[in-house]
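S.K.: Per numbering that gives the first Met the number 0, residue 0 is the first one in the sequence shown, and the count goes up by one each step.
Incorrect hints may have been included.
[As the list claims (entries may be wrong)] 25 angstroms max Cα-Cα, derived DSS-like pairs, lysine-lysine:
| # | residue 1 | residue 2 |
| --- | --- | --- |
| 1 | LYS138 | LYS124 |
| 2 | LYS8 | LYS138 |
| 3 | LYS68 | LYS122 |
| 4 | LYS8 | LYS122 |
| 5 | LYS11 | LYS40 |
[To be verified] Cβ pair distances, simulated, as ranges:
| # | residue 1 | residue 2 | range |
| --- | --- | --- | --- |
| 6 | LEU84 | THR3 | 33 to 39 angstroms |
| 7 | ARG28 | ARG73 | 31 to 37 angstroms |
| 8 | LYS122 | ARG71 | 36 to 42 angstroms |
Simulated from the structure, these hints should not be mistaken for lab results.
Just so you know, even glycine gets a beta-carbon here, dropped at the ideal spot from N, CA and C.
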Amino acid sequence: MRLTELMQKIMKDFLIIFAAIIIILTFLRQLYLPGSTFDLKSIYIIMAFSFLSALLGFILYTPNDITEKEMRLRIVIHFLTLEILLISLASIFSLVNSAREAAMLAVQIAVIYILVRLLSWQKDKKEARHINEKLQAIKKNS
Numbered sequence: 000m001r002l003t004e005l006m007q008k009i010m011k012d013f014l015i016i017f018a019a020i021i022i023i024l025t026f027l028r029q030l031y032l033p034g035s036t037f038d039l040k041s042i043y044i045i046m047a048f049s050f051l052s053a054l055l056g057f058i059l060y061t062p063n064d065i066t067e068k069e070m071r072l073r074i075v076i077h078f079l080t081l082e083i084l085l086i087s088l089a090s091i092f093s094l095v096n097s098a099r100e101a102a103m104l105a106v107q108i109a110v111i112y113i114l115v116r117l118l119s120w121q122k123d124k125k126e127a128r129h130i131n132e133k134l135q136a137i138k139k140n141s
């Protein structure tokens, strides 16, 4: 993967993460706090956390091919780093004030992480199918 492709992926991941957080929070607020609205500070905090989450995608970047085992290890490291960083920042900025709130944030991060990974996997699967179809067409014409 070239660096420009990585930057595009990071921006795409940022938008997916940001949208997922906003959609989930909107849904949860409608269920539990119907009168609550998003203030500008909340939007900026969500943007910053989404951007930091997407930037950590550099952990997954490698200019060389790696084995599936190495990639799985990078994914685990990425996930753990993401959890630690976001929960630490939330604690520093007093966004979480108890172990229960930190645990809830950890679950929310995990759900969004899984969602982003699934969407990325679907896109990769679609690209692989497209490449295989082109290879089959070339092979058929040869």
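S.K.: For every hint, state whether the structure bears it out.
M.R.: Status of the hints after comparison with the structure:
For the hint pairing LYS138 with LYS124, the CA-to-CA distance comes to about 21 angstroms; that is within 25 angstroms, so the pair holds. For the proposed pair LYS8 and LYS138, the alpha carbon gap of about 31 angstroms is over 25 angstroms, so the pair is violated. Distance hint between LYS68 and LYS122 is fulfilled; the C-alpha atoms sit about 21 angstroms from each other, no more than 25 angstroms. For a cut-off of 25 angstroms, the pair hint linking LYS8 to LYS122 stands: about 11 angstroms separates their Cα positions.
Proximity of LYS11 to LYS40 is assessed by CA-CA distance (about 23 angstroms); at most 25 angstroms being required, the pair is judged to hold. Range check, LEU84 to THR3: Cβ separation about 25 angstroms, and the 33 to 39 angstroms hint is violated. Separated by about 35 angstroms at the C-beta atoms, ARG28 and ARG73 satisfy the suggested range of 31 to 37 angstroms. Range check, LYS122 to ARG71: Cβ separation about 19 angstroms, and the 36 to 42 angstroms hint is violated.
The earlier numbered hints that this structure contradicts are 2, 6 and 8.
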